[in-house]
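A.B. asks: Single-letter residue listing:
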Amino acid sequence: TQLLEQSPQFLSIQEGENLTVYCNSSSVFSSLQWYRQEPGEGPVLLVTVVTGGEVKKLKRLTFQFGDARKDSSLHITAAQPGDTGLYLCAGAQWTYKYIFGTGTRLKVLA
Amino acid sequence: EAGVTQFPSHSVIEKGQTVTLRCDPISGHDNLYWYRRVMGKEIKFLLHFVKESKQDESGMPNNRFLAERTGGTYSTLKVQPAELEDSGVYFCASSQDAIQALHFGNGTRLTVT
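If you're matching them up, the sequences are chains S and A in order. Numbering (my numbering) for the first sequence: 1 to 110. Numbering (my numbering) for the second sequence: 1 to 113.
Chain S on its own, in the form it takes in the complex (with noise of 0.2 Å):
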């Protein structure tokens, strides 16, 4: 079973810190996407990467998806409370089956 392990589990930081976080597997993944989470809602899309190595930006996040397509980061900068959350990293091969991360809890305190 193709597993996407995510790392840390959980992160509590304070305002304004960087953070980043890992999802890797040894399995290959034609995309994979990165999803936040927050209690009592379904996961909301943040970004698609596609191309080993695409970095992508989305204000004060950079994600990155590795250069073998099998691992992938989400880096934040200055953090905020308003970035509390769960990170879901998911990934699909080929097909519309996509696979979830563990997931990382995010807490940042003001």
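Since the hints were derived computationally from the structure, they do not count as laboratory data. Any given hint might turn out to be false.
Listed next, the stretches of chain S that the computed footprint assigns to chain A, with coverage defined by at least 3 CB atoms under 8 Å from CB atoms of chain A [claimed, not checked]:
#1 41 to 53
#2 93 to 106
List of simulated lysine-lysine pairs, DSS-like, C-alpha gap at most 27 Å [stated by the list, open to error]:
#3 51/A x 56/S
#4 41/A x 70/S
#5 78/A x 107/S
#6 15/A x 97/S
#7 44/A x 54/A
#8 44/A x 107/S
#9 57/S x 107/S
#10 70/S x 44/A
#11 107/S x 51/A
#12 97/S x 44/A
#13 78/A x 97/S
Label-pair ranges, simulated between beta-carbon atoms [stated by the list, open to error]:
#14 19/S x 109/A: 25 to 33 Å
#15 18/S x 64/A: 26 to 34 Å
#16 10/S x 30/A: 34 to 42 Å
#17 72/A x 55/S: 34 to 42 Å
#18 53/S x 100/A: 32 to 40 Å
#19 75/S x 100/A: 20 to 28 Å
#20 18/S x 16/A: 31 to 39 Å
Every value quoted in this text rests on a predicted model; they were computed, and no experiment measured them. Every residue, glycine too, gets a C-beta built ideally from N, C-alpha and C.
Since the structure of chain S is already known, use the hints to place chain A on it.
C.D. replies: Structure of chain A alone, referenced to chain S:
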């Protein structure tokens, strides 16, 4: 546009009872998915509809689960009879094309006691 809506938001039933979850996808989205997260585990794929047809139901746990999408609009997921291990959050998602971004509903939290 209205998002994906799921009903009910919470359901508490006893072991052996039947529960039916409903999902209304975004209008015009042919692709509808059911996912589930059980306690402490990652979100897992259950099945995929394209319009009214089941494209892939390889993630369905067993034959106590039945999903339908009559007319290619809303979908239902019935669990009969429910077991304790069925407890979790059931998410529905829809997309315009199969590989596009999934739009998730807020989920139904099912508790089987």
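A.B. asks: Does each hint hold? Answer for all of them.
C.D. replies: Consistency of the hints with the structure:
Coverage of a stretch by a chain is defined here by at least three residues with a beta carbon nearer than 8 Å to that chain's beta carbons; for the region 41 to 53 of chain S and chain A the count is 6, and the condition holds. Coverage of the region 93 to 106 of chain S by chain A holds [criterion: at least 3 residues with CB-CB distance below 8 Å; count 9]. With a C-alpha separation of about 32 Å, the suggested pairing of residue 51/A with residue 56/S is violated against the 27 Å cut-off. With a CA separation close to 21 Å, the supplied pair residue 41/A and residue 70/S stays within the 27 Å bound.
Note on residue 78/A and residue 107/S: the hinted pairing is violated, with a Cα-Cα distance of about 36 Å set against a maximum of 27 Å. The hinted pair formed by residue 15/A and residue 97/S fails the criterion: a straight-line CA distance of about 30 Å is larger than 27 Å. Taking the CA atoms of residue 44/A and residue 54/A, the gap is about 17 Å. The hint holds against a cut of 27 Å. Annotation: proposed proximity of residue 44/A to residue 107/S holds, straight-line Cα distance about 24 Å (limit 27 Å).
A hinted pair counts as satisfied when its Cα atoms are at most 27 Å apart, and residue 57/S with residue 107/S qualifies at roughly 21 Å. Between residue 70/S and residue 44/A, the direct Cα distance comes to roughly 19 Å. Compliance with the 27 Å bound is thereby established for this hinted pair. The straight-line distance between the Cα atoms of residue 107/S and residue 51/A is roughly 39 Å, outside the 27 Å bound, and the hint therefore fails. Straight-line distance between C-alpha atoms of residue 97/S and residue 44/A comes to about 10 Å, which keeps the hinted pair within the 27 Å bound.
Between residue 78/A and residue 97/S the CA atoms are separated by roughly 21 Å; this keeps the pair inside 27 Å, and the hint holds. For the hinted restraint 25 to 33 Å between residue 19/S and residue 109/A, the CB-CB distance of approximately 29 Å keeps it satisfied. The hint said 26 to 34 Å for the Cβ distance between residue 18/S and residue 64/A, and at roughly 47 Å that hint is violated. Checked against the given bound of 34 to 42 Å, the beta carbons of residue 10/S and residue 30/A, roughly 38 Å apart, stay inside it.
Between residue 72/A and residue 55/S the beta carbon distance is about 38 Å. The supplied range of 34 to 42 Å therefore holds. Between residue 53/S and residue 100/A the Cβ separation comes to about 22 Å, which falls outside the hinted range of 32 to 40 Å. About 25 Å separates the C-beta atoms of residue 75/S and residue 100/A, a value consistent with the hinted range of 20 to 28 Å. The supplied range of 31 to 39 Å is broken by residue 18/S and residue 16/A, whose beta-carbon atoms lie about 51 Å from each other.
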